[in-house]
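Visitor: Respectively, the protein sequence lines represent chains A and B.
Residues in the first sequence are numbered from 313 upward in steps of one, following this note's numbering.
Residues in the second sequence are numbered from 313 upward in steps of one, following this note's numbering.
If you're looking for bench data, these hints aren't it; they were derived computationally from the structure.
Among the hints, erroneous ones may be present.
Chain copies aren't distinguished; within one or between two, either way the pair holds.
Stated by the list, open to error - Pairs of lysine to any residue, SDA-like flavour, derived with a Cα cap of 20 Å:
| id | residue 1 | residue 2 |
| --- | --- | --- |
| 1 | K672 | L692 |
| 2 | K540 | A676 |
| 3 | K447 | E588 |
| 4 | K403 | H470 |
| 5 | K403 | L378 |
| 6 | K607 | F695 |
| 7 | K403 | V749 |
| 8 | K607 | I683 |
| 9 | K672 | V450 |
| 10 | K376 | L712 |
| 11 | K607 | R681 |
| 12 | K482 | P523 |
Listed below are the residues making up each chain.
There are 2 protein chains.
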Amino acid sequence: MIEAQDTFNNTAEMGSDGFSVLDDLIRALSGSISQENTAEIIQTCAPLSAADIAEVISKLGIEKSLPLVRALDDAINPDVYVYLDNDIVTKLFEDLDDAYIASILNQMDSDDALDLIEDLDEDAQQKILKTLSRKMRVTLEEGLTFPEDSAGRLMQRHLVAVPQFWTVGKTLDFLRAARESVPEHFYGIFVVDPMHHVVGEVPAGRILRAPRSTKMSDITLDDVHLIKADRDQEDVAHIFRREGLVSAPVVNEDNRLIGVITVNDIVDVIDEEAEEDLLKLGGVSNDDIYRDVLKTTRSRFSWLAVNLLTAILASIVISLFEATIDQVVALAVLMPIVASMGGNAGTQALTVAVRAIATKEISASNAWRVIGKEVIVGTLNGFFFAIIIGVVTWLWFSSLTLGLIISVSMVLNLIIAGFSGASIPILLDRYGLDPAVSSSVFLTTVTDVIGFFAFLGLAAMFLL
Amino acid sequence: MIEAQDTFNNTAEMGSDGFSVLDDLIRALSGSISQENTAEIIQTCAPLSAADIAEVISKLGIEKSLPLVRALDDAINPDVYVYLDNDIVTKLFEDLDDAYIASILNQMDSDDALDLIEDLDEDAQQKILKTLSRKMRVTLEEGLTFPEDSAGRLMQRHLVAVPQFWTVGKTLDFLRAARESVPEHFYGIFVVDPMHHVVGEVPAGRILRAPRSTKMSDITLDDVHLIKADRDQEDVAHIFRREGLVSAPVVNEDNRLIGVITVNDIVDVIDEEAEEDLLKLGGVSNDDIYRDVLKTTRSRFSWLAVNLLTAILASIVISLFEATIDQVVALAVLMPIVASMGGNAGTQALTVAVRAIATKEISASNAWRVIGKEVIVGTLNGFFFAIIIGVVTWLWFSSLTLGLIISVSMVLNLIIAGFSGASIPILLDRYGLDPAVSSSVFLTTVTDVIGFFAFLGLAAMFLL
Chain A
313 MIEAQDTFNN TAEMGSDGFS VLDDLIRALS GSISQENTAE IIQTCAPLSA
363 ADIAEVISKL GIEKSLPLVR ALDDAINPDV YVYLDNDIVT KLFEDLDDAY
413 IASILNQMDS DDALDLIEDL DEDAQQKILK TLSRKMRVTL EEGLTFPEDS
463 AGRLMQRHLV AVPQFWTVGK TLDFLRAARE SVPEHFYGIF VVDPMHHVVG
513 EVPAGRILRA PRSTKMSDIT LDDVHLIKAD RDQEDVAHIF RREGLVSAPV
563 VNEDNRLIGV ITVNDIVDVI DEEAEEDLLK LGGVSNDDIY RDVLKTTRSR
613 FSWLAVNLLT AILASIVISL FEATIDQVVA LAVLMPIVAS MGGNAGTQAL
663 TVAVRAIATK EISASNAWRV IGKEVIVGTL NGFFFAIIIG VVTWLWFSSL
713 TLGLIISVSM VLNLIIAGFS GASIPILLDR YGLDPAVSSS VFLTTVTDVI
763 GFFAFLGLAA MFLL
Chain B
313 MIEAQDTFNN TAEMGSDGFS VLDDLIRALS GSISQENTAE IIQTCAPLSA
363 ADIAEVISKL GIEKSLPLVR ALDDAINPDV YVYLDNDIVT KLFEDLDDAY
413 IASILNQMDS DDALDLIEDL DEDAQQKILK TLSRKMRVTL EEGLTFPEDS
463 AGRLMQRHLV AVPQFWTVGK TLDFLRAARE SVPEHFYGIF VVDPMHHVVG
513 EVPAGRILRA PRSTKMSDIT LDDVHLIKAD RDQEDVAHIF RREGLVSAPV
563 VNEDNRLIGV ITVNDIVDVI DEEAEEDLLK LGGVSNDDIY RDVLKTTRSR
613 FSWLAVNLLT AILASIVISL FEATIDQVVA LAVLMPIVAS MGGNAGTQAL
663 TVAVRAIATK EISASNAWRV IGKEVIVGTL NGFFFAIIIG VVTWLWFSSL
713 TLGLIISVSM VLNLIIAGFS GASIPILLDR YGLDPAVSSS VFLTTVTDVI
763 GFFAFLGLAA MFLL
């Protein structure tokens, strides 16, 4: 209890300003590591929980965390590797002993071990698999046959299933007799037929409160959501959220029960998927603070290269009006405003649409209503900002015509921004492309080109 | 089982192209609603699950969903309201009968009912509370005393706690005797002392497999993470994720057990928080596709207004160099490129930093390392793009000097973009401000101003 209270207090402090009290400890540890003082390292880490150690390793950076792991050696709780980011584990595994890695993995639940080795490259995978216990190796090899990010990779194989005709009493006796192999955390027991097809699930609460004579098949939940093992994890998460599930059985192609997915497996999936969408919208693919500099630079480069092309495209549009700008330099001063406002208004519509697509709130039946709403919002804000920028321009450059020109192009660009912001992601999704990745390039291209073209074009027509 | 299979198949189809097969049904229903054909509406909806009906209501839009709800009347499963987005429920409740709303809420779990009424304005809340059953009213009024988005609002009050000296056998007998009031889904039973302080938690699996004579206090989990009722839900979600928790006891200021939060409550919180960050980064505050047009326009306006100010600031920078542009119009053509690349590179760094702050992966001990990495990434990509744009400019405008000028300003702006992209959110977070909301305005201001100033300034110095 004392230890639990300590951890709780740590975490409590963490919430208050976003900076962990572990920071002081990390600084002290950093010193011990530089001095290669193994005894001090072990002593400092002894009272920490697995989650704490994982945080310490993450924040020390790879150069210092490797000596830390080596110093702790067998004293490290295998759970630490479960809590660590996969990028960090991959880097640590590159430098750690195969025998050490095997002893760590052998102590884990098979789904956690699978999660760690699936990100390694194939050579490293094979090398580690060979050193594992036979039972763990077979389980992991089987797990690796399921597609990446599928229900099969996510599920726990450790579950309890009983025949239809069993009573609650017989089930309890069985559980007590087989206590060593019964999982600690479970949400329910599956009732299966002789072919191992799922008949139903009995939540733990129903078993605990039922008299011993009750038949298990009489207290199953009304509906069971079978998940195929090759189902994508994003779909699985969607089903869990949509139906408010706590656990669901995973079945193979013959509909036989082979595993169980529980809501706590889903938490990580939801987190991952949300992170992916956020990063993609920001032009970052599969990146995070633990990746090394060169990999990060390379992964960011391609996105910036695409953006350079759209920026050059916008410049080409501007160059069409070089003669106009040459006569009225004020145009050069004002033109970024229209393009920038279009980009921002479009991004607002786009962000809402991308999120709604990810949560499947947009489909064929309401797509046009969503687009229509964004066009109206764009039109309304377009008029407001047209008035503001029109007056500002009029006063700044003492030209009513210039004010009117920028007003008209502002309305135009914000309407188109609303329309494109909603329709581009919907269209990309319709054709099976990921709207989070490419939508914003298309959008900026549209709002830049229209913004510059409308403003400079109107100026060429009415100002000269 | 048949029904369960049907729902599963629906959801299966949904995953394949992102467009639900419910769409056809929604179109048919839309017709029945227009014709006010109540019998047909009830018949079409009869085989649908609560989650399906919620999706139908969401996608029909408010004008058509109100007649639908009225037609279904008592046939509607109260769970439908649990699955619906709160914005939609608020709109529906405005037009529905108080007696009907009360009968819906009275059938719900108290935490679900609390979730629905907490978003209503105070008058509506009071009106509905008055019509509820006494028990539900008292529970909800108590729930409303906890701060918004706190653990107290999130927790279930329905839990099982037993005294320390009880055995597994006595606990099972108690559960069987009190079966009517035992929750179906639970993860564990709490062991408490006479003051109702939490001694430990026994997961359901441990109870099921333990012999009847085992003392409950001998099989509690090693550590328990007490959650204070006024703790923010974002912190609670962080604790659950960090420690991999399945459930945690909620305590009042005297550390007495008053409720339980389970991992499935956390799924929604994680989802909400991820959505919030995503939307805020896109310049959308607390908005979604179900909000009405005027509210949406207003909430988007303020963000665009701030952006207009930064755009005007950038224009002022440009206007400082009007004389330069007047002599070399090519500058007006090229200048948006430097600013735009800086904005995009900075956004990449910013997105990664905002996400890492949200997941508490950045704290004092590694903040400088994160910033340092972004500066290096910015420098490297800065050099690559400097070469590309330098050559393009040289060829396009046949001016080596112009090519060199744009190269130098590109490197400069991308270095500053990397630095600002990482440090602005870290700094805002350090001072208790939400980095997701305001970071990008500051960032664009920096990259626009530096981009235009460096490029035009260098041009003024070396080109004229």
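Visitor: None of the hints should be skipped; say for each whether it holds.
Guide: Hints, one by one, checked against the model:
1. K672 x L692: Answer is neither; intra-copy 27 Å and inter-copy 39 Å both fail.
2. K540 x A676: neither (26 Å within a copy, 44 Å between copies)
3. K447 x E588: neither (34 Å within a copy, 44 Å between copies)
4. K403 x H470: Classified as neither; 29 Å inside a copy, 45 Å across copies.
5. K403 x L378: Only inside one copy: K403 and L378 sit 9 Å apart there, 56 Å across copies, limit 20 Å.
6. K607 x F695: between (45 Å within a copy, 16 Å between copies)
7. K403 x V749: neither (27 Å within a copy, 34 Å between copies)
8. K607 x I683: Classified as between: cross-chain Cα gap 16 Å, same-chain 38 Å, threshold 20 Å.
9. K672 x V450: neither (37 Å within a copy, 37 Å between copies)
10. K376 x L712: neither (65 Å within a copy, 46 Å between copies)
11. K607 x R681: Answer is between: at 16 Å across copies they meet the 20 Å cutoff, but 42 Å inside does not.
12. K482 x P523: Classified as both: same-chain Cα gap 11 Å, cross-chain 13 Å, threshold 20 Å.
Hint check: violations occur at hints 1, 2, 3, 4, 7, 9, 10; the rest are consistent with the structure.
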